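Peer 1: Respectively, the protein sequence lines represent chains U and L.
For the first sequence, the working numbering gives the first residue as 1, with consecutive numbering after it.
For the second sequence, the working numbering gives the first residue as 1001, with consecutive numbering after it.
Rather than coming from a laboratory, the hints here were simulated on the basis of the structure.
If you're wondering where the values come from, they're calculated on a predicted model, not measured in any experiment.
Accuracy of the hints is not assured; some may be wrong.
[Said to hold, decoys possible] In silico DSS-like cross-links for lysine-lysine, where the CA-CA straight-line distance does not exceed 25 Å:
| hint | chain 1 | residue 1 | chain 2 | residue 2 |
| --- | --- | --- | --- | --- |
| 1 | U | K101 | L | K1230 |
| 2 | U | K108 | L | K1230 |
| 3 | U | K149 | U | K215 |
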Amino acid sequence: MSAATANGADPAPASGDVLVRVEDLRVHFPITSGIVFQRKIGAVNAVDGLDFSILRGETLGLVGESGCGKSTTGRAILQLMRPTTGRVLYEGGDLAHLSGKRLRRQRKRMQMIFQDPYASLNGRMTVSDIVGEPLLVHRMGSGKERKAKVRELLQTVGINPNTLNRYPHEFSGGQRQRIGIARALAVEPNFIVCDEPISALDVSIRAQIINLLQKLQREFGLTYLFIAHDLSVVRHISDRVAVMYLGRIVELAENATLYEAPMHPYTQALLSAVPIPDPEAEERRRPVVLVGDVPSPVDPPSGCHFHTRCPAAREGLCDVDDPPLVEVRPGHYAACHLITATDFPHIRAGEDDLAVVAEGGGAT
Amino acid sequence: MSDDNRFDAGLRQRDEHLEPEAEMDLAPSGATAGAELASAAGAAGWSPDALLIEHRSLWGEIWRRLRKDKFAVLGMIIIAILVLVAVLAPWIAPHDPTRQYSEGLTMQGMPVGSNSQFWLGTDPLGRDMLSRLMYGARVSLTVGVLANGFALILGVVFGLTAGYFRGWVETLLMRMTDVMMAFPIFLFAIALSTAINKTSIWVLVLVIGIVYWTPMTRVIHGEVLSIREKEFVDAARLTGCSSPRILFRHILPHLVAPIIVYTSLGIATTILFESTLSYIGLGVQPPTPSWGQMISEGQSFYLSAPHLVLYPGLCIMITVLAFNLVGDGLRDAFDPRQRRG
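Model the full assembly from the supplied sequences, consistent with the hints where possible.
Peer 2: Below is the structure:
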């Protein structure tokens, strides 16, 4: 960890107040065999060494293909899945080593909005029970106060408070998602992980939920980790964006910088897949088409995880060494050997700005 | 919006919904669509025309639903009658169930059929069938319900624990279940009864409960494995719910359907298993009657005196049917999606 910080691969800008700090986070799912005596025969390296910070009040977008470890990252930060190694610091306190009561108490500070509004609400509980449960569990207020709070929360997210004795199946997908948001807000958290909160919704409802999330952020000063695979939505809502590939962050930058001047070949390929609503511009650009599938996280490629599909990969470098995530320009982090190499065509113009980093540094 | 404003809005809203006392669910779909549109417009966020549904307690709601189900009510009435008969047997039985009447046998020593003295005829020893059936209900119902309840509790506790906590607890409990399932049931029952060295109805309950918890554990375990991965369980954990709360408030309610179906079916199996155990001399000892025992005693006469197996068989069938009807009704009543009006 200290190694990563030492060589500058610590995506925590000097400006701003860090709310959540993730250090060398790894989540490996063991693959076992045997019935009674289980032997570990391998592991799925879902999250393979993440270092980043989330600033107070910002929205950090986390994008990547399916299976790259986005959701696992969100869950590991919230300790829904315990990290294999690494630390998750919330306001400086490590969550990864908390358990039992102390962890449950911390849960008041951070919540999650789930992807599937049909699976995330318990169908056997009424709306008032669902939204009121966090209040009950944390013993916030008397029964009457809780009831009033539930009504207020429902109103905040745009659900008629008169429906509080109904069951989730009586609501539409968008309304269910609103109820899920009300539940997340109940404990007055500072930090919310939005795990693809709109992917399962109708296109017509998506904008409403996004607008609601933005309204709530302004109103309550929330910090979001916004996980999505929809690049345009992330662009709309995020302040900074991190791009993940196979369990690692390959690029992290301010929203505008990342979308206007992506550095990592993977980010460039991802962005070139987003349609531009301008036929002429669409005509002019050269899309980068990646060949092949994402390699298996059970047996990730050596060196840079992306080298098997990278259009610019170099033998003897990319397939051998792990590129560390380094600050290429102020606030712009990327993990690619080719960026740090001086003759990389994409960034030659900005060569002088590049941070010079010793190869084989700590950050993986 | 400041806190004060929100509070005011909440108050206004509370005042509003005190007025409408009409029936609920007038237009739920219309109201929901309205709410979506209103929020799209960025206005109040929800339409004011959805009416407040008054809160009912969970059990009150289930009871209300159950009462509406004619078959479930029929089942409950049958069970009530059976229980009454069993409890009141000493007072309402026309004869002593263990007395061998000389007029209960023909000259050839065969049991007699229905007549004015013995309404349902007699058994091969000249005892009154009706009285024996009434007394038999005591044993059969007690064993059926208690043994099943015992198996149910063991099965739910083990299944929940194994499925929720996983790890070595799961390995231990589930392998134990496998071993139990692989064990010859009769041998086990005989060994257990011999070890206890008593024959009573309680031994039967114990033996049958221990034999029958295994399939229940399997069923519950499998269900828990799938439910614990659902997002609402994650949400509950995130909320700060303790494990017992997650188990009993979030997971157990989803197990109601398999539990009820399995238990109501199990009652039949248990009543029959009791007869088998009584037949090989474990459990209820003659001359105390039980339905299963009456069937096994009468089976050698089924050609010449079919009523010997017919009546106890009917009793078992009616009991099982009644429990299944109630079970079906309960399962539906527990499912909020089935609730209407």
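Peer 1: Each hint: holds or not?
Peer 2: Here's how the hints hold up against the structure:
{"no.": "1", "hint": "U/K101 <-> L/K1230", "result": "holds (23 Å)"}
{"no.": "2", "hint": "U/K108 <-> L/K1230", "result": "holds (21 Å)"}
{"no.": "3", "hint": "U/K149 <-> U/K215", "result": "holds (19 Å)"}
Hint compliance for this structure: no hint is broken.
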